[in-house]
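Just need the whole structure built from these sequences, with the hints factored in.
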Amino acid sequence: MVLVYGHGAAVVAPESDILVYVDMARWEIQLRFRRHEINGLGVENKEEGASYHYKRGYFVDWIVCDTLKKQLLPKVDYWLDTHMPEQPKMITGETMLAGLVKTAHQPFRVVPFFDPAPWGGQWMKRVCGLDPEPANYGWCFDCVPEENSLYLNVEGELFEMPSNNVVFHQTRALLGGPVESRFGQDFPIRFDFLDTIGGGNLSLQVHPTTQYIRDTFGIYYTQDESYYLLDAEEGATVFLGLKTGVNPEEMIGALQESQNTGKPFEAEKYVNRWPAKKHDHFLIPNGTIHCSGAGAMVLEISATPSIFTFKLWDWGRLGLDGLPRPINIGHGSHVIQWERQTEFTRDNLVNQVKPVAEGDGWREERTGLHENEFIETRRHWFTKPVTHHTDDGVNVFNVVEGDELIVESPTNAFEPFVVHYAETFIVPASVGEYTIRPYGTSEGKECGTIKAYVRFRQ
Numbered sequence: 036m037v038l039v040y041g042h043g044a045a046v047v048a049p050e051s052d053i054l055v056y057v058d059m060a061r062w063e064i065q066l067r068f069r070r071h072e073i074n075g076l077g078v079e080n081k082e083e084g085a086s087y088h089y090k091r092g093y094f095v096d097w098i099v100c101d102t103l104k105k106q107l108l109p110k111v112d113y114w115l116d117t118h119m120p121e122q123p124k125m126i127t128g129e130t131m132l133a134g135l136v137k138t139a140h141q142p143f144r145v146v147p148f149f150d151p152a153p154w155g156g157q158w159m160k161r162v163c164g165l166d167p168e169p170a171n172y173g174w175c176f177d178c179v180p181e182e183n184s185l186y187l188n189v190e191g192e193l194f195e196m197p198s199n200n201v202v203f204h205q206t207r208a209l210l211g212g213p214v215e216s217r218f219g220q221d222f223p224i225r226f227d228f229l230d231t232i233g234g235g236n237l238s239l240q241v242h243p244t245t246q247y248i249r250d251t252f253g254i255y256y257t258q259d260e261s262y263y264l265l266d267a268e269e270g271a272t273v274f275l276g277l278k279t280g281v282n283p284e285e286m287i288g289a290l291q292e293s294q295n296t297g298k299p300f301e302a303e304k305y306v307n308r309w310p311a312k313k314h315d316h317f318l319i320p321n322g323t324i325h326c327s328g329a330g331a332m333v334l335e336i337s338a339t340p341s342i343f344t345f346k347l348w349d350w351g352r353l354g355l356d357g358l359p360r361p362i363n364i365g366h367g368s369h370v371i372q373w374e375r376q377t378e379f380t381r382d383n384l385v386n387q388v389k390p391v392a393e394g395d396g397w398r399e400e401r402t403g404l405h406e407n408e409f410i411e412t413r414r415h416w417f418t419k420p421v422t423h424h425t426d427d428g429v430n431v432f433n434v435v436e437g438d439e440l441i442v443e444s445p446t447n448a449f450e451p452f453v454v455h456y457a458e459t460f461i462v463p464a465s466v467g468e469y470t471i472r473p474y475g476t477s478e479g480k481e482c483g484t485i486k487a488y489v490r491f492r493q
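The sequence shown finishes on residue 493 if you use this note's numbering, and the numbering steps up by one all the way, no holes.
Among these hints, one or two may not hold up.
[What the hints assert, rightly or not] Calculated lysine to aspartate or glutamate pairs in the DMTMM-like style (CA-CA distance at most 20 Å, straight line):
#, residue 1, residue 2
1, 104, 63
2, 104, 129
3, 480, 399
4, 312, 382
5, 313, 268
6, 137, 468
7, 137, 443
8, 389, 406
9, 90, 79
10, 137, 427
11, 278, 250
12, 346, 301
13, 486, 439
14, 419, 438
15, 346, 150
16, 90, 181
17, 304, 374
18, 486, 266
19, 486, 426
20, 486, 468
21, 486, 399
22, 304, 292
23, 313, 439
24, 486, 411
25, 346, 335
26, 110, 129
27, 313, 481
28, 312, 481
29, 137, 72
30, 346, 356
31, 480, 400
32, 312, 268
Simulated from the structure, these hints should not be mistaken for laboratory data.
This is the structure in structure tokens:
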């Protein structure tokens, strides 16, 4: 018997009798980077910093590996789950593919992951029932399929794998034809949390314009986003848009001086600071300077490209590693949209809520996003069932009010799916019509959801 193993073994031995794919989600890979346990693809570099590993993975290694995985998905005989050290699990290829098909035809959640931050807060620790030992939690990635994992329940045993597997194998069933045509095998919508309740301000930042991200990084769409306030303390604020009459040269000079000398940057001299309360929605098209202030629990609804944040000022603090966090004034100065000042921001980006429809026990509102952004967001308030339809496009939801909801098919096409407060879930395009209603302790109470989908017409 000859055994060929390692990265790309299927390329070396394409006619093998048995093919086993050893799989792991990107979040677990990142944790092992931080612990200096693993190398990059084809190099001995485990002692490098985690940020260098991540960049190499994002631009090189993961693209190479995913390209091969897409070719091998229908051919693999056995899949190996390696997320738990020294506790591997294996299923057959047939079981794996059947699980992916089933997943793409019913509502589901990916496995969230939580991470501390220099500005992190305490809300998620309390509401999400997290380990109280860490000093804080700043981030939760609750729907980032390229990094999250997905569970399959195989005869009562949880088998963990990258959630991107369902994107790759069931692209059209999951995303829908129009979304697939526009984004290929990229899941385009991202939901994550930013917790600054009991924490500090996020870094003042800006995201690249579409042309800049294409020219500079080779990415074909950019990180448009928004902040939906799941909760807020008294006095919470969001920094968004420039103040009227800001001089670009003066502001960039002040940012550079702060970076070079440590002199505090007078953020409120240049950037609007808006009061923020629960259920506010702030829209952040690319090129708009922004950050959440302290005291906010933000549901960030955004396009998927996730590492292209140009930090301009970080309030003079250090990262969790004790080192200054990277500042990108050079990149940022090329993409700030200087015309987005106070009046524009107030009239276009702050709480642009418009009633859409209402019925027996429900009402629907449009909350965004801005016309420059491809994501549409609809908020529903309801005490009775609300009928939704995917219209051949993937839907992503978060439960913004109410303890418990249930998602059901009018034709019993999938098993009823129960979700809880602050949980994000995905409804594949293939589902078509479905309903959401209060359930359990929420029956008879007003509940709320925010739904995001790819907009093809205004």
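Now the hints, each set against the structure:
Restraint check: the Cα-Cα separation between residue 104 and residue 63 comes to about 18 Å, which is no more than 20 Å; the hinted pair holds. Of the pairs offered as hints, the one joining residue 104 and residue 129 holds, with about 16 Å between alpha carbons and a cut-off of 20 Å not exceeded. Note on residue 480 and residue 399: the hinted pairing holds, with a Cα-Cα distance of about 16 Å set against a maximum of 20 Å. Taken as a hint, the residue 312 and residue 382 pair is honoured in the structure, with Cα atoms around 18 Å apart against an allowance of 20 Å.
With a CA separation close to 8 Å, the supplied pair residue 313 and residue 268 stays within the 20 Å bound. A hinted pair counts as satisfied when its Cα atoms are at most 20 Å apart, and residue 137 with residue 468 qualifies at roughly 17 Å. Our distance criterion of 20 Å between C-alpha atoms is met by residue 137 and residue 443, whose separation comes to about 15 Å. Distance restraint check for residue 389 and residue 406: the Cα-Cα separation of roughly 14 Å lies within the 20 Å cut-off, and the hinted pair is therefore satisfied.
Taking the CA atoms of residue 90 and residue 79, the gap is near 16 Å; set against the 20 Å cutoff, the hint holds. Pair hint residue 137 plus residue 427 holds up; C-alpha atoms about 17 Å apart against a cutoff of 20 Å. Straight-line distance between C-alpha atoms of residue 278 and residue 250 comes to about 29 Å, which puts the hinted pair past the 20 Å bound. Between the alpha carbons of residue 346 and residue 301 the distance comes to roughly 15 Å, so the proposed pair stays at or under 20 Å and holds.
The hinted pair formed by residue 486 and residue 439 meets the criterion: a straight-line CA distance of about 16 Å does not exceed 20 Å. For the hint linking residue 419 to residue 438, the alpha-carbon distance of about 15 Å falls within 20 Å, and the restraint holds. About 19 Å separates the Cα atoms of residue 346 and residue 150, which keeps this hinted pair within 20 Å; it holds. Only pairs whose Cα atoms come within 20 Å are accepted, and residue 90 paired with residue 181 is accepted, the gap being roughly 14 Å.
The suggested pairing of residue 304 with residue 374 holds, with an alpha-carbon distance near 16 Å, which does not exceed 20 Å. At most 20 Å may separate the alpha-carbon atoms for a hinted pair to count; residue 486 and residue 266 meet this at roughly 17 Å. Of the pairs offered as hints, the one joining residue 486 and residue 426 holds, with about 13 Å between alpha carbons and a cut-off of 20 Å not exceeded. At roughly 14 Å between alpha-carbon atoms, residue 486 and residue 468 fall within 20 Å of each other, so this suggested pair holds.
With a C-alpha separation of about 10 Å, the suggested pairing of residue 486 with residue 399 holds against the 20 Å cut-off. Between the alpha carbons of residue 304 and residue 292 the distance comes to roughly 15 Å, so the proposed pair stays at or under 20 Å and holds. Using a Cα cut-off of 20 Å, the hinted pair residue 313 and residue 439 holds, with the two alpha carbons roughly 19 Å apart. For the proposed pair residue 486 and residue 411, the alpha carbon gap of about 8 Å is at most 20 Å, so the pair holds.
A hinted pair counts as satisfied when its Cα atoms are at most 20 Å apart, and residue 346 with residue 335 qualifies at roughly 17 Å. The suggested pairing of residue 110 with residue 129 holds, with an alpha-carbon distance near 10 Å, which does not exceed 20 Å. Restraint check for residue 313 and residue 481: satisfied, since their Cα atoms lie roughly 15 Å apart, inside the 20 Å limit. Under the criterion of a C-alpha separation no larger than 20 Å, the hint pairing residue 312 with residue 481 is consistent with the structure, at around 19 Å.
Proximity of residue 137 to residue 72 is assessed by CA-CA distance (about 35 Å); at most 20 Å being required, the pair is judged violated. Taken as a hint, the residue 346 and residue 356 pair is honoured in the structure, with Cα atoms around 17 Å apart against an allowance of 20 Å. With a CA separation close to 19 Å, the supplied pair residue 480 and residue 400 stays within the 20 Å bound. A C-alpha spacing of about 7 Å is found between residue 312 and residue 268, which places the hinted pair at or below 20 Å, so the restraint holds.
Hint compliance for this structure: hints 11, 29 are not met, and every other hint is.
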